[in-house]
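There are 2 protein chains.
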Amino acid sequence: MKTIVLKFGGTSVGSIKRIKKVAKIIKSYSKKYRVIVLSSAMSGTTNKLISMSKKISNSFSDQEYDALVSAGEQISCSLLAGQLIENGIKARSWMAWQIPILTDGKHKHSRIKFINNRIINKYLRAGGIPIIAGFQGVNKNSQITTIGRGGTDASAIMFAKFLNADRCVIYTDVEGVFTTDPNKLKKAKKIKKISYEEMLEMASLGSKVMQPHSIQDARLNRIDIEVKSSFSNKTGTLITKRKNAINNRIITGISSTDNDAKVTLLGVKDRPGIAATIFKPLSENSINVDMVVQNISSNGKETDLTFTIKSSDLPKTKKIITKNKNITLKKMVFDKNVSKVSIIGVGMVTTPGVTFRMFQALAKQNINIQVISTSEIKISVLINRKNAMKAVKSLHAEFNLTK
Amino acid sequence: MKTIVLKFGGTSVGSIKRIKKVAKIIKSYSKKYRVIVLSSAMSGTTNKLISMSKKISNSFSDQEYDALVSAGEQISCSLLAGQLIENGIKARSWMAWQIPILTDGKHKHSRIKFINNRIINKYLRAGGIPIIAGFQGVNKNSQITTIGRGGTDASAIMFAKFLNADRCVIYTDVEGVFTTDPNKLKKAKKIKKISYEEMLEMASLGSKVMQPHSIQDARLNRIDIEVKSSFSNKTGTLITKRKNAINNRIITGISSTDNDAKVTLLGVKDRPGIAATIFKPLSENSINVDMVVQNISSNGKETDLTFTIKSSDLPKTKKIITKNKNITLKKMVFDKNVSKVSIIGVGMVTTPGVTFRMFQALAKQNINIQVISTSEIKISVLINRKNAMKAVKSLHAEFNLTK
Numbered sequence: 018m019k020t021i022v023l024k025f026g027g028t029s030v031g032s033i034k035r036i037k038k039v040a041k042i043i044k045s046y047s048k049k050y051r052v053i054v055l056s057s058a059m060s061g062t063t064n065k066l067i068s069m070s071k072k073i074s075n076s077f078s079d080q081e082y083d084a085l086v087s088a089g090e091q092i093s094c095s096l097l098a099g100q101l102i103e104n105g106i107k108a109r110s111w112m113a114w115q116i117p118i119l120t121d122g123k124h125k126h127s128r129i130k131f132i133n134n135r136i137i138n139k140y141l142r143a144g145g146i147p148i149i150a151g152f153q154g155v156n157k158n159s160q161i162t163t164i165g166r167g168g169t170d171a172s173a174i175m176f177a178k179f180l181n182a183d184r185c186v187i188y189t190d191v192e193g194v195f196t197t198d199p200n201k202l203k204k205a206k207k208i209k210k211i212s213y214e215e216m217l218e219m220a221s222l223g224s225k226v227m228q229p230h231s232i233q234d235a236r237l238n239r240i241d242i243e244v245k246s247s248f249s250n251k252t253g254t255l256i257t258k259r260k261n262a263i264n265n266r267i268i269t270g271i272s273s274t275d276n277d278a279k280v281t282l283l284g285v286k287d288r289p290g291i292a293a294t295i296f297k298p299l300s301e302n303s304i305n306v307d308m309v310v311q312n313i314s315s316n317g318k319e320t321d322l323t324f325t326i327k328s329s330d331l332p333k334t335k336k337i338i339t340k341n342k343n344i345t346l347k348k349m350v351f352d353k354n355v356s357k358v359s360i361i362g363v364g365m366v367t368t369p370g371v372t373f374r375m376f377q378a379l380a381k382q383n384i385n386i387q388v389i390s391t392s393e394i395k396i397s398v399l400i401n402r403k404n405a406m407k408a409v410k411s412l413h414a415e416f417n418l419t420k
Numbered sequence: 018m019k020t021i022v023l024k025f026g027g028t029s030v031g032s033i034k035r036i037k038k039v040a041k042i043i044k045s046y047s048k049k050y051r052v053i054v055l056s057s058a059m060s061g062t063t064n065k066l067i068s069m070s071k072k073i074s075n076s077f078s079d080q081e082y083d084a085l086v087s088a089g090e091q092i093s094c095s096l097l098a099g100q101l102i103e104n105g106i107k108a109r110s111w112m113a114w115q116i117p118i119l120t121d122g123k124h125k126h127s128r129i130k131f132i133n134n135r136i137i138n139k140y141l142r143a144g145g146i147p148i149i150a151g152f153q154g155v156n157k158n159s160q161i162t163t164i165g166r167g168g169t170d171a172s173a174i175m176f177a178k179f180l181n182a183d184r185c186v187i188y189t190d191v192e193g194v195f196t197t198d199p200n201k202l203k204k205a206k207k208i209k210k211i212s213y214e215e216m217l218e219m220a221s222l223g224s225k226v227m228q229p230h231s232i233q234d235a236r237l238n239r240i241d242i243e244v245k246s247s248f249s250n251k252t253g254t255l256i257t258k259r260k261n262a263i264n265n266r267i268i269t270g271i272s273s274t275d276n277d278a279k280v281t282l283l284g285v286k287d288r289p290g291i292a293a294t295i296f297k298p299l300s301e302n303s304i305n306v307d308m309v310v311q312n313i314s315s316n317g318k319e320t321d322l323t324f325t326i327k328s329s330d331l332p333k334t335k336k337i338i339t340k341n342k343n344i345t346l347k348k349m350v351f352d353k354n355v356s357k358v359s360i361i362g363v364g365m366v367t368t369p370g371v372t373f374r375m376f377q378a379l380a381k382q383n384i385n386i387q388v389i390s391t392s393e394i395k396i397s398v399l400i401n402r403k404n405a406m407k408a409v410k411s412l413h414a415e416f417n418l419t420k
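Chains A and B are the protein sequences, given in the same order. Each residue of the first sequence is one higher than the one before, counting from 18 in the working numbering. Each residue of the second sequence is one higher than the one before, counting from 18 in the working numbering.
Among these hints, one or two may not hold up.
[Said to hold, decoys possible] Here are the simulated BS3-like cross-link-like pairs (lysine-lysine), alpha carbons at most 25 angstroms apart as the crow flies:
hint, chain 1, residue 1, chain 2, residue 2
1, A, K139, B, K123
2, A, K65, B, K123
3, A, K71, B, K38
4, B, K65, A, K34
[Said to hold, decoys possible] Counterexamples of contact, computed for chain A against chain B with all Cβ distances above 12 angstroms:
hint, residue
5, G89
6, Q100
7, Q115
8, L180
9, I394
[Stated by the list, open to error] A few chain A residues facing chain B, derived, Cβ under 7 angstroms:
hint, residue
10, R35
11, S68
12, N75
13, F77
14, E81
15, I92
16, E103
17, G105
18, I106
19, P117
20, L119
21, S329
22, G364
23, T368
24, F373
25, M406
Worth flagging that the hints you see were computed from the coordinates, not collected in a lab. Keep in mind the model is a prediction, meaning the values are calculated, not measured. All C-beta atoms in this analysis are idealised placements derived from N, C-alpha and C, irrespective of residue type, glycine included.
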């Protein structure tokens with residue numbers, strides 16, 4: 018009998034009614050598979066607990082934060098296990114410490130290092146369905162450590178790894194991964210199969226279905242992931258290795274962002290290593306510099322440097338650059354009205370002219386490109402934010418994603 | 018430095034505002050004592066969790082019930098520990114599994130068998146204040162087992178025992194133990210000191226301050242308990258051994274019940290062992306028979322038997338007696354309009370005439386006594402419920418409890 022990991026997000030177990038529905042989904046798998054369930058907290062619970070901690074302090078202890086919020090999964094898992102037992106199914110809720118799920122020990126942002134599969138395997142062999150708390154683990158000092166937002170996905174992937182599951186199904190409140198955000202573009206189509214690499218680009222670029230590090234973990238461990246909705250019975254999206262995800266499209270998806278900001282440093286005194294001098298203190302302050310373009314200025318002694326960061330990092334970035342005594346510049350300008358539009362697809366590796374088609378399609382719409390960056394399977398352009406949807410729409414048509 | 022256990026009930030930690038107040042109380046002890054804190058769930062939390070489980074099933078799994086409701090203490094303890102840390106005090110929340118607190122394994126009604134004091138002692142020596150989840154323990158299978166309603170008191174007493182504390186302070190929402198229910202009789206006075214034995218009678222007879230088995234545990238382990246309010250700064254009641262609790266009163270307190278029912282079996286065919294034949298099946302069904310009186314009927318071959326039970330056990334009792342083929346009786350009658358009024362005091366052991374004074378005081382009020390039962394330190398009478406308050410009032414005056 019094959020083993021499958023099912024993960025249910027917060028909205029999927031958001032009420033007793035939803036928990037009853039999820040119990041039925043689990044039952045439908047239990048005839049064919051050994052089932053391992055990972056559950057998030059009921060939607061709203063975690064935020065409610067966090068808001069209580071904020072009434073105490075905005076710098077509430079990380080250690081107690083983890084103890085506090087992990088109560089959310091304890092509630093949802095015991096209710097779900099209780100529902101399954103009520104339906105005549107052998108089930109039991111498991112918290113991280115009962116297994117245990119061991120983490121690297123950091124509070125609020127832990128990563129799972131090891132899962133002891135002995136006790137869960139024994140329970141599976143006895144015909145039970147373990148309902149396991151996602152998002153949490155324990156460190157060497159027997160303290161609860163959570164693994165950050167979206168952590169239950171990571172928990173599910175790690176269970177698939179350490180319990181040699183054949184597949185991991187991520188049940189969420191969207192139907193799968195779309196060619197672009199279906200809330201913004203009605204013509205967006207659900208993608209049947211996508212490679213880990215493409216999904217990673219989609220995830221980092223603003224598609225909110227899964228956290229990048231969970232996809233990366235799945236990729237490294239060759240675990241097939243199916244993303245689907247617990248609110249419908251439709252087929253979802255399979256995230257799998259590249260050779261299984263082949264389709265005859267050049268481009269698999271298009272993403273656009275709305276939380277980027279552009280920083281331009283004008284008249285920077287040029288010398289070898291100047292870029293490192295500028296970017297090192299930013300990196301040390303966890304500011305992620307994304308797209309970079311440097312122009313040599315007319316006189317050859319000065320240069321203009323443009324780069325993008327997350328909008329939320331803008332105030333910190335201003336401070337750090339102003340304080341940096343190792344650089345001399347004439348002026349610093351900012352632009353929050355930008356959007357990064359990207360086309361993603363493994364198909365572009367073997368197809369010449371993709372860049373040209375993209376630029377031509379944007380030019381036809383009179384959209385000016387400010388910065389360009391490319392990878393093997395992705396081309397991103399920075400444009401004025403007001404043109405973002407027009408760009409996505411025209412590229413969606415250009416690369417025939419609607420069909 | 019002496020060790021003290023502080024226990025806070027649900028209303029004491031019922032809001033963030035209350036948690037801030039409790040943190041101040043804890044701090045005030047931390048200068049003089051090594052402090053161990055036991056906390057209940059925030060008031061309302063447990064009931065909310067239970068009501069969710071009831072939406073799933075009225076016979077919700079006991080195992081999952083324990084996992085579910087114990088999340089309540091996890092929330093209150095981490096918030097309280099977080100508040101102390103915010104106030105610059107070294108603190109950490111501890112769940113049962115982290116210590117561990119071992120129980121006999123029964124779900125919903127466990128008893129604490131053993132507490133490993135190693136890790137908590139180490140933390141105390143390091144100057145930390147452990148904030149420990151009451152009401153919960155773990156069994157040999159690493160499952161959470163709760164110890165029933167009012168269980169945090171029991172947890173506190175057990176911590177005082179296993180960590181050799183010098184005193185246990187039970188912080189609650191009442192100011193202490195009163196001579197009788199202050200909500201019913203305004204003249205009721207707070208008792209400064211009371212013996213375990215008297216408190217046990219007060220507790221079993223309807224004074225809701227503490228559960229009898231917690232008092233019994235304290236008595237067996239000679240742990241002084243102070244009951245006081247976290248809502249005021251007033252001195253509470255000290256529950257201690259008899260020789261420390263001596264006062265010059267004959268009677269320490271008066272209690273009355275309103276959940277008793279009287280059952281009378283008329284014309285029972287008399288033979289040796291008939292009482293056992295009647296009571297054995299009741300006991301086997303966990304029905305607690307309290308007061309019993311048997312009259313030989315006129316012809317000598319039949320007897321009338323009267324006894325009291327909890328009102329809630331009445332339907333079960335009717336069924337069991339009707340089904341009992343080993344007894345023959347003419348008629349079974351019930352009366353729910355009864356109240357058991359008791360006077361309690363170690364002083365009565367050495368004072369003759371207490372019974373007479375009680376009966377005379379009731380007779381003066383024209384109150385008819387239906388059943389009597391006595392112990393070394395208690396006299397109880399069953400009367401019509403409508404006379405209960407009149408009885409309590411007159412006895413309160415008769416034995417000078419108002420002064």
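We went through each hint and held it up to the structure:
{"no.": "1", "hint": "A:K139 / B:K123", "verdict": "23 angstroms, holds"}
{"no.": "2", "hint": "A:K65 / B:K123", "verdict": "32 angstroms, violated"}
{"no.": "3", "hint": "A:K71 / B:K38", "verdict": "17 angstroms, holds"}
{"no.": "4", "hint": "B:K65 / A:K34", "verdict": "16 angstroms, holds"}
{"no.": "5", "hint": "G89", "verdict": "8 angstroms, violated"}
{"no.": "6", "hint": "Q100", "verdict": "5 angstroms, violated"}
{"no.": "7", "hint": "Q115", "verdict": "5 angstroms, violated"}
{"no.": "8", "hint": "L180", "verdict": "19 angstroms, holds"}
{"no.": "9", "hint": "I394", "verdict": "44 angstroms, holds"}
{"no.": "10", "hint": "R35", "verdict": "12 angstroms, violated"}
{"no.": "11", "hint": "S68", "verdict": "10 angstroms, violated"}
{"no.": "12", "hint": "N75", "verdict": "10 angstroms, violated"}
{"no.": "13", "hint": "F77", "verdict": "5 angstroms, holds"}
{"no.": "14", "hint": "E81", "verdict": "4 angstroms, holds"}
{"no.": "15", "hint": "I92", "verdict": "5 angstroms, holds"}
{"no.": "16", "hint": "E103", "verdict": "4 angstroms, holds"}
{"no.": "17", "hint": "G105", "verdict": "11 angstroms, violated"}
{"no.": "18", "hint": "I106", "verdict": "11 angstroms, violated"}
{"no.": "19", "hint": "P117", "verdict": "9 angstroms, violated"}
{"no.": "20", "hint": "L119", "verdict": "15 angstroms, violated"}
{"no.": "21", "hint": "S329", "verdict": "25 angstroms, violated"}
{"no.": "22", "hint": "G364", "verdict": "48 angstroms, violated"}
{"no.": "23", "hint": "T368", "verdict": "54 angstroms, violated"}
{"no.": "24", "hint": "F373", "verdict": "57 angstroms, violated"}
{"no.": "25", "hint": "M406", "verdict": "42 angstroms, violated"}
Checked against the numbered hints above, the structure violates hints 2, 5, 6, 7, 10, 11, 12, 17, 18, 19, 20, 21, 22, 23, 24 and 25; every other hint is satisfied.
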